[in-house]
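Asks: Chains as they are written, first to last, in the numbering used here: chain S, -13 to 331; chain R, -13 to 331.
Keep in mind that a hint or two might mislead.
Unchecked claim - Derived CB-CB ranges, DEER-like: (1) S:Thr120 / R:Glu(-3): 44 to 50 Å; (2) R:Val93 / S:Leu262: 17 to 23 Å; (3) R:Arg317 / S:Asp162: 53 to 59 Å; (4) S:Gly190 / R:Val93: 40 to 46 Å.
The set of hints was computed from the structure by calculation and includes no laboratory data.
Even for Gly, the Cβ is constructed at its ideal location relative to N, Cα and C.
Next come the chains, spelled out residue by residue.
Number of protein chains: 2
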Amino acid sequence: MQGNKFKLVEETLEYYKKLALETLQPYFQPKEPRKYLYDLLPVYPNRGGKGLRPALCIATCRAFGGSTHSALKSAAAIELLHNAFLIHDDLQDGSDFRRGLPTMHTVVGMPIAVNLADAMSAISIYPLIENRDTLGGFLTHDILTEILHMVTQTAEGQAIELGWMRDNVTDLTDADYFRMTLKKTAWYTCIHPCRIGALIGSGGSLSLDRFNQFAYFMGVAFQIQDDVLNLVAEYSKYGKEIGGDIWEGKRTMMLIHLLNNCNPLEKSKITAFLALPREKREADDVHWVYGLMEKYDCIDYARAVARELANESLKEFTIAYASAPDSDDKRFIQQIVYYMIEREL
Amino acid sequence: MQGNKFKLVEETLEYYKKLALETLQPYFQPKEPRKYLYDLLPVYPNRGGKGLRPALCIATCRAFGGSTHSALKSAAAIELLHNAFLIHDDLQDGSDFRRGLPTMHTVVGMPIAVNLADAMSAISIYPLIENRDTLGGFLTHDILTEILHMVTQTAEGQAIELGWMRDNVTDLTDADYFRMTLKKTAWYTCIHPCRIGALIGSGGSLSLDRFNQFAYFMGVAFQIQDDVLNLVAEYSKYGKEIGGDIWEGKRTMMLIHLLNNCNPLEKSKITAFLALPREKREADDVHWVYGLMEKYDCIDYARAVARELANESLKEFTIAYASAPDSDDKRFIQQIVYYMIEREL
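The following block holds chain S by itself, in its conformation from the complex:
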């Protein structure tokens, strides 16, 4: 797909994702109410995401001497939570597609989609409680605390982003974007998966804050690339409507850069466009905003910021993983940093 440059990354992602999904199988067994709940549980997980989160968790655990098995239930829980987040996120954003197929709420209706994700969030706690049998009470407690912080940070990030959209906030800076993305994305996509992996791998002996900077930079770089792909990728690869973020009025780094660099007339027109409810926005206007993003080099700017973040992340990597001996898992984590910004889907 990307030549052989990311062979280790892609193979490792695929393998650990498969293990995480297998670990989730017991929770995906068909039972009543099937049609309105349990048959829907595996739908998003089975659509084939990248599996970044379980892979970061398992690989970090192994890099610090832990077994694959010891991290599996935590990795699986994070993956299930991620899929629950996506269902509510798609509804909140009014997204039409997820991973190439219609979003959950468009298929089953809003009420059942909201409830499904609620059930998935609750069910994701089961493997974390079951950790107790193999990891003991102390680690189980610490992992649960990590997960709670993860979920509340994610909700805070969502609140900020949704609030910006609802109130049509247009005076945002890159620093606002970084803070929102730290909360919305970085904690649950990178920071906590690494922290939890290290917690398990080291049996609780490592100080976990060492991973925060490394995984924060990586997480924000990941989100910027995600937003860039939303703008430029082809539909068949990315599985979302192209420019969907513009339709949704999402405060991406590109939109924030545009608002801070366009002329006053353009800014007032963009602001008026963003003030419309989504269904009143028109394709011509979306294309016009996209054209302005090209005119003001917003995409190049965002890509450059993402690269800078990736470079910083790699510097932090050498500190965060210093005490881990060389291994494929450690190399995977190092190489995934550039994968985050060079991936095409």
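Position chain R against the provided structure of chain S, taking the given hints into account.
Replies: Just chain R now, with coordinates in the frame of chain S:
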């Protein structure tokens, strides 16, 4: 309010609700993002529900020899979860009012309301994890397991009810209603609060299944009374639009009884009414359905079923609480059974 008949019940509810809300205060401290998240957290809890769930939990704990303090965090967690459920429930049902004021999603918009309840659900787990400091690892683990069962059962019940409405299911029996209400209401309103209270009060020595029948009968009786009040209570007392359940097409015991007892022409007209999206239903039709419910004695029928359930619950009470010595808490639990079906709000 109801003379002195339920003086003990009402005073006990008020007192334990107050304690549960005080226990939640540390989680309600203002912090960022305030406007889009944390300032909204206490809104539903502060609107003054009855506090049934924390009261059942604390009173059962005390009835079996435990302290108020030992049950507080669990009782508070259940109350916060309840309020999170309400926010999603109001959205799913398209309800306009909750406790006399506009529902959360009508005030802050759907996206922020969905996210708020997600945050509240996550935050409710904190006090449960903090139990470890005072109750130890074993009880904390068992309480968490109870809570997970509680949340998943509630989601199953919601799924069934929402599915019936979405697919306009009209061939339902009382048994279907009992099963749905067991899941949607009884587990989280009565069964688990009692079980968790007993778990803490007895230090884990009681078999908890003894509470299932008692609290199941009470929980379904409670829900029937809730639905009856929705039909007949005055707006000012009940705080919801009158007949809101008919507007929403909710499968109450009254609607199920009506569908099973009206004539074929009426049934086909009711079915057509229920097939409409909510916003297309008209006041005249709602009143017509209400009139049919009167014609076929649906409300009297539902009240009679609720009374029968309350009688059964009281029989089970003597078994479930046999080993608890006489106390105000035990008397409160006994008396709350009839309160469930005689309350006027």
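Asks: Next step is simple, just say for each hint if it's right about the structure.
Replies: Consistency of the hints with the structure:
1. S:Thr120 / R:Glu(-3): 44 to 50 Å: holds (48 Å)
2. R:Val93 / S:Leu262: 17 to 23 Å: The hint (17 to 23 Å, Cβ to Cβ) holds, given that Val93 (chain R) and Leu262 (chain S) are roughly 21 Å apart.
3. R:Arg317 / S:Asp162: 53 to 59 Å: holds (57 Å)
4. S:Gly190 / R:Val93: 40 to 46 Å: holds (44 Å)
In this structure, none of the earlier numbered hints is contradicted; all agree with it.
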